[in-house]
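With the hints as your guide, set chain B onto chain C.
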Amino acid sequence: MTTGGLTIMLISVSTVTLLFAWCIYKVLSIPGETEHMHGFEMETPDEKAQKKADEKGA
Amino acid sequence: MKKPKKKQTKKALKESWSSRIGVILAVAGSAIGIGNFLRFPGQIAEFGGGAFMIAYFIAFLVLGLPLCWAEWTVGRYAGRLGFHSIPGIVTAITKRPFGKYIGALCLVIPTIVFMYFVCVQSWCLGYALNFLFGKIHFTDAHDAAVFFANFTGLENIGGSFQISWDKALPFLIVAFTANFILIYRGVAKGIEWFCKFAMPILLILALIVLGRVLTLGTPNPESAPDANISNGLGFMWNPQKTFLEAKRETTQGMQWIRQKEIVGENALIKAQSIIDQQGPEKLRLTTLTISDQLKRPKLWLAASGQIFFSLAVGFGIIATYASYLTRKDDIVLSALTATSANEFTEVSLGGLITIPAAVAFFGVSGIAGNTSLFSLGFNVLPLVFSSMPAGSFFGFLFFFLLFLGSVSACLSMLQPGIAFLEEALGFGRKGSVGTLSALMLMGTFLVAYYSFNLKALGTLDFWVGTFLIFVMSTIFIILFGWVLGVDKAFEEAHQGSALKLPKIYKPILKYLCPLFLITIFVSWLGMDVLGIGTDTLDHHIADLMGQESHTETMIVFASIATILLVTFAFITIAGKASIYKKELKKHACTNK
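Chains as they are written, first to last, in my numbering: chain C, 60 to 117; chain B, 37 to 628.
To be clear, the hints were calculated from the coordinates, so they are not data collected in a lab.
Simulated crosslink set (BS3-like; lysine-lysine; CA at most 30 Å straight-line):
1) 364(B) with 617(B)
2) 612(B) with 111(C)
3) 618(B) with 111(C)
4) 85(C) with 524(B)
5) 85(C) with 232(B)
6) 283(B) with 296(B)
7) 542(B) with 85(C)
8) 536(B) with 131(B)
9) 115(C) with 618(B)
10) 111(C) with 364(B)
11) 111(C) with 622(B)
12) 111(C) with 621(B)
13) 225(B) with 85(C)
14) 617(B) with 111(C)
15) 539(B) with 85(C)
16) 115(C) with 225(B)
17) 622(B) with 131(B)
18) 618(B) with 364(B)
19) 539(B) with 131(B)
20) 85(C) with 364(B)
21) 115(C) with 466(B)
22) 466(B) with 111(C)
23) 546(B) with 85(C)
Looking at chain C on its own, in the form it has when it is part of the complex (with noise of 0.2 Å):
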């Protein structure tokens, strides 16, 4: 490996490394980031109309 390659190497590899990293961090330091997460789950058609009844019932 040839000291131009070793240089490519190192920093196409150390850039994606730190990004990688920087967004990371950036996620996990936000206070209360998780607080704003709306459910990631969805309702299907038979989970709201058993929902809507189940309501209706109580």
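Then chain B, alone, in the frame of chain C:
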């Protein structure tokens, strides 16, 4: 006192599986996989590290990131209007009846890609378990090639349809069932749950394999001193590529023909001594510099294509996932994080494992012509692991990490179809999963049974996994920049955002990105498909003209018929779905 405690428990439960990290891992999981570990190293080795990485990073900034941001934004926007399927998302953006048909066409991509990708997933599982139970001991390249042909049924139709360790069928049954069990559990309890543990495990396994590969040194110092990790890394990352060329008689007269790539000082000294013996009029060394490489349109096409396919943009998957977010949820940072996770896996892990390991055992000349995805992954690498101390264990780890990556990718390909059936036909989860599994079973059977020369897989991959993705990505970026409007799109993207999009991305998204995409698409069509400059028509086009054997032609037409049938079914369902008509009526009333 009891009441608040109850509420707290409920909230804690919700947070545990609806976190930002969960969404990011789900999107990253849709992209991270086989392409990172097998396709990327092959590409970079072919074009040389320096030049390829320049083009790669430019394509990432100009094409990959903007397309991801566009898909996240478009998806969340439509989700707020109540649409979670691709036809719904496109209808919500365009507010035109044709939107649902474009969306239905886009939906064909993940559906068809799943049909063949689940087969590749079963190969990864099969190789992983064969390694784990010590059933793979290859001594040469022929052994590896015979096992692969036998395992996949490459040599005859239905060749893999036996219940046996050395056949793909049992692993396909397990993989297919596992995918549908997970998708039946739903987005949060299935996809997100799986990605939350699979992605970190995948990264840990990759780091273990990387550690082993980088400490291989020179496995056979006496018989093959040039076959070592340093030369393997040099083969991939060196900015200049040196070739030995020989003068040969061709139809166009005497020409210098490339013989082999020279990597490492020993190889260079050997090549120079051969030139001295035979004379400089017969042999010579040539060097391709970074600037020489960057002048090749094919390099730009390869780098852009790698970014494009690696990030899984254009499938409509990201838009579907993002449609479950609200206005308050950040998408700019989430998109960047998911994208950077993919880049980290590709460059820092994939770029350092596959090719260096192969070169360490077989030398640069040993893997020449074997850098394509399947050849590298299922012929060269199993042989590498067979030659390595504790190779069964490391072979298992490597193929298992590929399996984990492919499961998360397959799950992401199922969700758009599930969302569409639920939205357009009002199906419940059982109905939508049941209907989609029946459709997928037929398609997967076609790919797995008609395995001869992997013709069905190749045909579906070309027409849907490549051609249609280019078309749909172009449509997505036009929808984002021109139909939704770049100012409105920016405003939408910044809702709840933890990061601001740089203003430079406005002209990039509106002009540069579509132009770049169209240029790549046209260049790919011209150079690779129609063979302009090489006079060689892509074999997928030649296949349509019946230039192959009767069996192969029959498989090609069966595959094309499958694509057309799925397209017809989705377009018909989308056309008749009342939910899209209601949305259009609502929009018309609002305008009045």
